[in-house]
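Build out the structure end to end from the sequences listed, making use of the hints.
Chains as they are written, first to last, in the working numbering: chain A, 1 to 384; chain B, 1 to 384.
Hints were generated in silico from the structure; no laboratory data involved. Certain hints may be false.
A pair holds if it fits inside one copy or across any two, identical chains being indistinguishable in the list.
[What the hints assert, rightly or not] Simulated crosslink set (DMTMM-like; lysine to aspartate or glutamate; CA at most 20 Å straight-line):
1. Lys340 - Glu128
2. Lys340 - Asp315
3. Lys79 - Asp314
4. Lys97 - Glu206
5. Lys42 - Glu221
6. Lys333 - Glu247
7. Lys233 - Glu206
8. Lys317 - Asp57
9. Lys157 - Glu225
10. Lys317 - Glu193
11. Lys174 - Asp164
12. Lys317 - Asp289
13. Lys338 - Glu96
14. Lys133 - Asp115
15. Lys340 - Asp104
16. Lys317 - Glu247
2 protein chains.
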Amino acid sequence: MQVLVYGAGQLAQMMYLDGAALGINVMAVDVNNNTVVHPVSKSPLDCTLEQAIELADALTVEFEHVPETLLEQAQASGKLYPGIEAILVGADRVREKQLLSGLDIPNCPYQIVDDLAQLDECVARLGERLIIKASRDGYDGYGQWRLKAASDLPALKTQLANLDLQAVPLVVEKMLNFDREVSLIGARSKSGEVVVYPLAENLHHEGQLHVSVAPATNSTEALTEQACDIFTKLVNGMDYVGVLAVELFQCGDELLVNELAPRVHNSGHWSQAGSPTSQFENNLRAVLDLPLGLAVNTGGEASVSAMINIIGCDDHKLALLGIGGTHLHWYGKTVRPKRKMGHINVTASDYAALGEKLSALAGYLSLEHFPQLQEEAARLAASN
Amino acid sequence: MQVLVYGAGQLAQMMYLDGAALGINVMAVDVNNNTVVHPVSKSPLDCTLEQAIELADALTVEFEHVPETLLEQAQASGKLYPGIEAILVGADRVREKQLLSGLDIPNCPYQIVDDLAQLDECVARLGERLIIKASRDGYDGYGQWRLKAASDLPALKTQLANLDLQAVPLVVEKMLNFDREVSLIGARSKSGEVVVYPLAENLHHEGQLHVSVAPATNSTEALTEQACDIFTKLVNGMDYVGVLAVELFQCGDELLVNELAPRVHNSGHWSQAGSPTSQFENNLRAVLDLPLGLAVNTGGEASVSAMINIIGCDDHKLALLGIGGTHLHWYGKTVRPKRKMGHINVTASDYAALGEKLSALAGYLSLEHFPQLQEEAARLAASN
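Written out as structure tokens, the structure reads:
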């Protein structure tokens, strides 16, 4: 079997590695030049994009910002999973919000703005603490702004004055006092089989994921059920096929959807070590209509898992592998600031042991690049 | 980091896949033509054997029958692990027996024979039920004969008359009434760190491994300790580096070494799904002098594991992946009778559940190729 992945980064690479074991050949498309490459070596393969599409049993994506012309070509093959609509939902916050509202799925109160004058109405309706997001990424640098007080509104309007809001509207959200960020990864196969991994708890720093812990601490049954309901509603509502990642805010006992990613996701990397089936294998199984694999924490020495991103550095000491249950995943890229270079999965029998392992891990890392690690290690070490 | 593996079959492929995750690039040598190839695609890589040896941080083998000239070249680089002596022990039963006797490690009573007349002495000393093995494989077809009664000795001598026993002596062993075959896989790193996996219980059919179960049922603490002692004596005695497989016969409470394999081994494949660290990753860690990973049964949903070889067929139904905790490993080879095409790893929370899963698995396989499966499923299902 053959699967073609749009995008040739670490997610395609990890799909390749899990696929190769199963006898599934994964090829990647470098969307910068439309060439088909080997997902590990990145060397061009001896076939055109058209030939690779023809050859593939299924096409999938490792990121949502694939050029639309490529997506349309892929969709026309009848083998793109998830389909173009789902991928565009992940790339466009307006579509995303419309989907969530349409399926009646709890999310942050919001308003879509295509004229700066509407911002006053936002303040009146949503309050003076707002997050303003360009509906599509890459539009103007980072594309997110914050309003902290109504008195700052004139200055913000000046800052946003040059945006073409007709082309790329803003999504304006109420700034929530959420308790934590969690994420939900699951898969739905072509036959409609659905599996959902345990909730992961995510720590971000400057907009990037640094640490995930799965299952999230204090995952009550009610919370897990709520998450599964959201996931099932979403994938069935979208007739979604593949792995879907759902980022959520937890406010008290309630989960609100923050963002969708129509693909395998960084906050699901723990599943490589901590679950009988990784998200990468389940994505391949889903798009090829194979039965899905168990999406649970394995238990025993892998009852709880942490994933630590290695960002913008490569000076970790390999002696870290001496911590039992520790696995390094390295993406083979050149170091750049803020670049995800690899990740470390750690499994343990309980949170306290996991905390101790993370604490030991800190001894092998340059901590300025791991701003969340020690605090999280201490928090877990004190857990039960 | 780079590792060069002599041999380009499934064992090199599985080392590649585990290495790639860690950022270790594994290349393979096709020993039939001395070319360096990609371990998955088998395509020639753009470097000579000499260049690959130069480039590599370590050299290792996936089988013991590498031509001696190649091994000598590898040894001369100072980077071959395990070393040539250990590899030759695996390829030559005379050396193997001498090593075992020298280290005082229990093994089957034997005599080395380089003249057929000595067979009478063997019968006198070891009894009339004997297994006669060519000391090196590939010498004369299968290279194993059995004597069941002293009266058959003249006929056997006639059968063996054409062998050049000076060049390739025979190892004549007493035929034991052993209770079962188990194997012991472990690793020793360049720094001397040692890990040992739980004993696996192996079912053979017509000389080929069909099913392994780990841990072996009824593994008492005394048995495990005995196995660990044997392993530690062996690897320290040989100054061994890498994964070593030890095949053993269990007779009552006693373990006798049957055979050594200086490499990752089919009976350790269960570790891919059932242990925090696979034998393939631990072999790479060992030869690169990285800390070794946990070599235990993971516990929880992976408390016990089975490995089922797919031999001489490719008509398994992929619906078998619907059995929770089931993983297929496919080697991408053309079907030939007796050829190992792939394997299936199954994990479960206990033996009874494992037995039920194997029983379900049987429904997706053409059972003439899996002669041990149903009986083993029934035995495990009745276990606790």
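Hints, verified against the model:
no. : hint            : result
1   : Lys340 - Glu128 : neither (35 Å within a copy, 67 Å between copies)
2   : Lys340 - Asp315 : within (13 Å within a copy, 41 Å between copies)
3   : Lys79 - Asp314  : neither (38 Å within a copy, 25 Å between copies)
4   : Lys97 - Glu206  : neither (24 Å within a copy, 63 Å between copies)
5   : Lys42 - Glu221  : neither (43 Å within a copy, 49 Å between copies)
6   : Lys333 - Glu247 : neither (26 Å within a copy, 42 Å between copies)
7   : Lys233 - Glu206 : neither (31 Å within a copy, 53 Å between copies)
8   : Lys317 - Asp57  : between (41 Å within a copy, 17 Å between copies)
9   : Lys157 - Glu225 : neither (42 Å within a copy, 74 Å between copies)
10  : Lys317 - Glu193 : between (42 Å within a copy, 18 Å between copies)
11  : Lys174 - Asp164 : neither (22 Å within a copy, 88 Å between copies)
12  : Lys317 - Asp289 : between (41 Å within a copy, 13 Å between copies)
13  : Lys338 - Glu96  : neither (26 Å within a copy, 54 Å between copies)
14  : Lys133 - Asp115 : within (14 Å within a copy, 87 Å between copies)
15  : Lys340 - Asp104 : neither (35 Å within a copy, 52 Å between copies)
16  : Lys317 - Glu247 : neither (32 Å within a copy, 36 Å between copies)
Of the numbered hints given earlier, the model fails hints 1, 3, 4, 5, 6, 7, 9, 11, 13, 15, 16; all others are met.
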